[in-house]
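Once you have looked at the hints, place chain B on chain A.
As given, the protein sequences belong to chains A and B, one line each in that order.
Going by numbering that gives the first Met the number 0, the first sequence opens with residue 0, and the numbers climb by one from there.
Going by numbering that gives the first Met the number 0, the second sequence opens with residue 0, and the numbers climb by one from there.
There may be inaccurate statements among the hints.
Copies of the same chain look alike in the list, so a pair counts if it fits in one copy or across any two.
Within a straight-line C-alpha distance of at most 20 Å, the following computed DMTMM-like cross-link-like pairs (lysine to aspartate or glutamate) qualify [unchecked claim]:
hint, residue 1, residue 2
1, 49, 173
2, 250, 111
3, 250, 33
4, 250, 110
5, 133, 33
6, 133, 96
7, 107, 96
Since the hints were derived computationally from the structure, they do not count as laboratory data.
2 protein chains.
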Amino acid sequence: MKANTSGILTRLFDFTNERVNSCLESVLSLSVPDQRLIEAMRYATMGGGKRIRPLLVYASAKAVEAKMEDADAAACAVELVHSFSLVHDDLPVMDDDDLRRGKPSVHKAYDEPTAVLVGDALQSLAFQCLSTQKSSLSESTKLAMVQILSEATGAEGMTGGQAMDLRAEQFPIDLSVLENMHQRKTGALIKASVKLGAICNPRVATNILERLERFADLIGLAFQVQDDVLDEISETSTLGKPKGSDRAQNKTTYVSLLGIERAKRKAVELSEQALLSIQDLSPAADELRELAEFMTSRAN
Amino acid sequence: MKANTSGILTRLFDFTNERVNSCLESVLSLSVPDQRLIEAMRYATMGGGKRIRPLLVYASAKAVEAKMEDADAAACAVELVHSFSLVHDDLPVMDDDDLRRGKPSVHKAYDEPTAVLVGDALQSLAFQCLSTQKSSLSESTKLAMVQILSEATGAEGMTGGQAMDLRAEQFPIDLSVLENMHQRKTGALIKASVKLGAICNPRVATNILERLERFADLIGLAFQVQDDVLDEISETSTLGKPKGSDRAQNKTTYVSLLGIERAKRKAVELSEQALLSIQDLSPAADELRELAEFMTSRAN
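Excised from the complex, chain A in its bound form:
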């Protein structure tokens, strides 16, 4: 993952991994008589994902010169929501993916009922994490975090996008519907990550927040276009899931609508627009800039 990334990005990766793993370890130290559910929750979250969303939280917090420790709970919470969505998306009645991050999916490593419950409990844990955080942020900001994350997760956000995606397997959809779907399915949580990082500085200027939101919209879409491209061209071993699984499921994707070359170009263009939208920000936003480039040039 770290090949061809700059020093500044490598430091952010290391920083994020260390802090998110430590935070996840801590919130997953739950006291229950039956530890199997907790084990499965750890399996779902500690398995070495790319931590893109926590990276965005920290990079955004840094861009507005917030205290990094104030971003910990949000970084952990977005990863919990992301992990929950992967566990449920992989279920046989959903995308039916047996592999995730190069390992058996939760329903394969454990069983389907456990996978349903793991997803449910990870979502609750995300809101528990935000509401019990010991940061220096005000209760007002913590509550705003719950609002941002719940809206991004629910029917108007990620889960609604997933519902649209399931329908896209049954009916052909056009580019505008596909874009709307992606804005919800992956874009909403990516945007939430950037917003959560930004409000770690409660005095962040409105115009900075707006630029960051525009950046997040564009980078979220670029990320999804790239995801469609990678699903088509990457080898299973690199991707950590079966190559071409979208096509096998007859899904409408950027690749199926635009073809592989135009899809690749669109990802680059979106990424460039994203960078333009934050060009006036100080060098404190450099991590965010490099992250944008990384997200659209990644190989898995």
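For chain B alone, coordinates are given in the frame of chain A:
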């Protein structure tokens, strides 16, 4: 449902139904391009449940002389969490129940992927509801509500209890494990309902809060024992789900461990202890008292 209930309880039922339905209508007016998910979320929540948890929120709020309108968001949120748990519990890979509240379960009326997503989105909506509420409560109290509900919902609460329940189908368990399981599976959300109602008065005395929590623990357990009894003795038409489905699934229940008569007696004893624990409270707690009796003498 209202047969043999007192005037005071009938008024609480009507009040709760009206307010919760109105609140659910409002939070389920979501703007999405694909309305099917929202329809299914409405189907899951508006289908005439008993609204026991919202009733407890309002009765508890009244017992501490809080403003009833301050309890609306919490009442709505606990019903959303309860509905989400029913939708997921009914899934074929979970309890595999085709009927719920006398109607086809969500995965029968719609399909399984939709049912997974409906549950996920209802959970998010509960936290959205708490974090965006327009009540007169402080942000500190609203945040405390998120904490109470997320802890009650997650791996240490309801979802953890459900995981224990699934395991109880595979291994015989004893009375103490069964009790622990029930305290989580149904007890946690019932207790949360009472606590959420009580903190609608931010100046509620600690000793009153403790009594209410003890009351909630006992009534939660009584409710579950009664549920086991009803599963065994009620007709499918009254119960709204297949009679004897616990036994058909080889589940350890209070009835399987104690026999039907001792289980019935236990429900009554727990209910009496619950009433004792709040005997010193003012007549403002009368709704809570009558609700306790109703919950353990109900027929469905």
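Next item on the list: Please work out whether the CA atoms of residue 107 and residue 96 approach to 20 Å or closer within one copy, between two copies, in both situations, or in neither?
Entry: within (9 Å within a copy, 23 Å between copies)
Checklist line | Identical-chain pair category, residue 250 with residue 111, by Cα at 20 Å | finding: between (24 Å within a copy, 18 Å between copies)
Next item on the list: First find the shortest C-alpha distance between residue 133 and residue 33 inside one copy, then the shortest across copies, and answer within, between, both or neither for a cut-off of 20 Å.
Entry: neither (28 Å within a copy, 39 Å between copies)
Next item on the list: First find the shortest C-alpha distance between residue 133 and residue 96 inside one copy, then the shortest across copies, and answer within, between, both or neither for a cut-off of 20 Å.
Entry: neither (37 Å within a copy, 42 Å between copies)
Note to self: Reference check for the pair residue 250 and residue 33, CA-CA at most 20 Å: within, between, both, or neither?
What the structure shows: Result: close only across copies, 17 Å inter versus 39 Å intra.
Margin query: Regarding residue 250 and residue 110, is the shortest C-alpha distance of 20 Å or less found within a copy, between copies, in both, or in neither?
Written below: Between copies only: 18 Å across chains, 26 Å inside a chain, cut-off 20 Å.
Check: Is it within, between, both, or neither for residue 49 and residue 173, if the alpha carbons may be no more than 20 Å apart?
Finding: neither (30 Å within a copy, 43 Å between copies)
Violated hints for the displayed structure, listed by number in ascending order: 1, 5 and 6.
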